[in-house]
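Student: Sequence:
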Amino acid sequence: TFTGTVTGNSAALSGLAGSTNYKAWVRTNCGGGNVSLWSGAVAFNTLPCPVSSFYYGIYPISRVQISDIDNTSSADPIYDGTDPAKYQDFTSVVGSVFPTLSFPITVTGYNGGNMYATVFIDWDQDGVFEASFPLNGGNTTNTGSITGTIDVPATALPGNSRMRVVWANDWAYPVACGEGMYYGQVEDYTLNVGILTCPPPTNLAASNVAIHSADLSWTASNNSTGYDWEVRTSGTPGSGATGLAASGTAAGTTATATGLASNTAYTFYVRSDCGGGDLSVWMSGTFTTPLGCGDTWISPGGVNNLTDVQYTKVFTVCPENAGDVVTIDFTVWNGLNWNLPQGSAIFIYDGDDTNAPMITGTGTGYTSGAWVVPAGGWVTKPPIITSNAASGCLTIKVMSYGSWTGGMGWSADFTCAPRPTCFAPTARTVTGTTVHDASFSWNAGASPNVEYKVVAFGQPASATAVLSGTSSAGSATTAATLTANTQYTAYL
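Numbering (my numbering) for the sequence shown: 3 to 494.
Please keep in mind that the hints were generated in silico from the structure rather than gathered at the bench. It cannot be assumed that every hint is accurate.
Calculated lysine-lysine pairs in the DSS-like style (CA-CA distance at most 30 Å, straight line) [what the hints assert, rightly or not]:
1. Lys-399 / Lys-455
2. Lys-455 / Lys-383
3. Lys-315 / Lys-383
4. Lys-399 / Lys-383
Ranges between beta-carbon positions, derived for each pair [unchecked claim]:
5. Thr-255 / Thr-314: 48 to 56 Å
6. Thr-30 / Gly-237: 52 to 60 Å
7. Lys-315 / Gly-237: 45 to 53 Å
8. Gly-240 / Gly-303: 33 to 41 Å
It should be emphasised that the depicted structure is a prediction, and the values quoted were computed from it without experimental measurement. Quick reminder that beta carbons are idealized off the backbone N, C-alpha and C, glycines included.
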């Protein structure tokens, strides 16, 4: 109970409990013991309780997507638990939802491993988070994004409801307030519960996702006369050209988005048009286009910060133009594992899948329990490899053990060009030297005719030749009249 006396027409109360319903009464004091009847009661509730503390530091949320909310945020990960950025108030960011409908949600944040995310919502707007939604089924994940579904109950009050997103590390049951957790962050948003007059489409899906296109589909809604759709890299639906990759209208329940960029994450949105300006809320889905010609493939975590999460990934890169072939060139190679050299490997297959011939690498194989790395993968830097398959494709399989990855990583470029008709000689070897001569051997390429060029040691092939010539012997030649006791570089 809180009581007091004021001389004006307002009073400020302090020390109230959070997430609590209160009633207040007021009466006039005319002096001399003469008081009026109590006037009231006025009911009010305090806001949800303060955010939980994080014992050890901040693992920040970076993006929240639900309905027409697509909000990015930033806070630096810190490790002493004192950062005020443990909580960010985005209640000015509003998403539209409707009773009885389900809305997919994606929360992205700092990946500290064993991450959990839970969403809490105050559907009856009484200051208490009575609904909780553990994303990913309440299971831990070692990725930077966690997905789930928010089901809006039929009893949700129209108007603004507070939504709290809790991102936590190694804490199986994140809480909205009160209890401390290890690492994480909290963000609050607003969901506006509307009155449903135009139901949105449901069951959004993307299929046949190619380098530059994707097929979109959804389940029809009642009352709809058609649908609007958008594909975006950023921005909320209907917000304009920034981040908009493709858009259109559809009379039915399918559409094809074209003109997309390769190796890009997209969010697509669909809404119902019920006529007369009555439009549903936007519903969303996601997809990522595959790597293609001209793309750079960087190890997860960065070229020198390979993730310590164990994973296996398979993907195929194919040319876009008939007659072209794919080439992969590892321009940066920091390795896969500094303490277990055979425990991780990259396998390269000359074709459309892992049934194609393997381009054998330097790996000898490794087994530890269920983790089995076959022999033949690359554990050292692969050479430049060009597809010889009829399709021109290369298939890559990565097996990363997930330990001792500090400083490890790679960057590789995929390029596409017409299939070469003149192949360079291989197995180039210096077979002998004398005071003024050097002998070379090789395996012939497309022709037995081979040009050779000797330059000063370490110089590129474009440098001025010390001597040069052509050999048609098909396997060997000798460069003569060289300077004694001198290093050279030879190109064939």
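Student: Each hint needs a verdict: does it hold in this structure or not?
Tutor: Hints versus structure:
1. Lys-399 / Lys-455: This hinted pair is violated, its Cα atoms lying about 37 Å apart.
2. Lys-455 / Lys-383: With Cα atoms ~26 Å apart, Lys-455 and Lys-383 stay inside 30 Å; holds.
3. Lys-315 / Lys-383: holds, 18 Å
4. Lys-399 / Lys-383: holds, 15 Å
5. Thr-255 / Thr-314: 48 to 56 Å: violated, 35 Å
6. Thr-30 / Gly-237: 52 to 60 Å: Check passed, 55 Å falls within 52 to 60 Å.
7. Lys-315 / Gly-237: 45 to 53 Å: violated, 29 Å
8. Gly-240 / Gly-303: 33 to 41 Å: Cβ of Gly-240 to Cβ of Gly-303: about 35 Å, so the range 33 to 41 Å holds.
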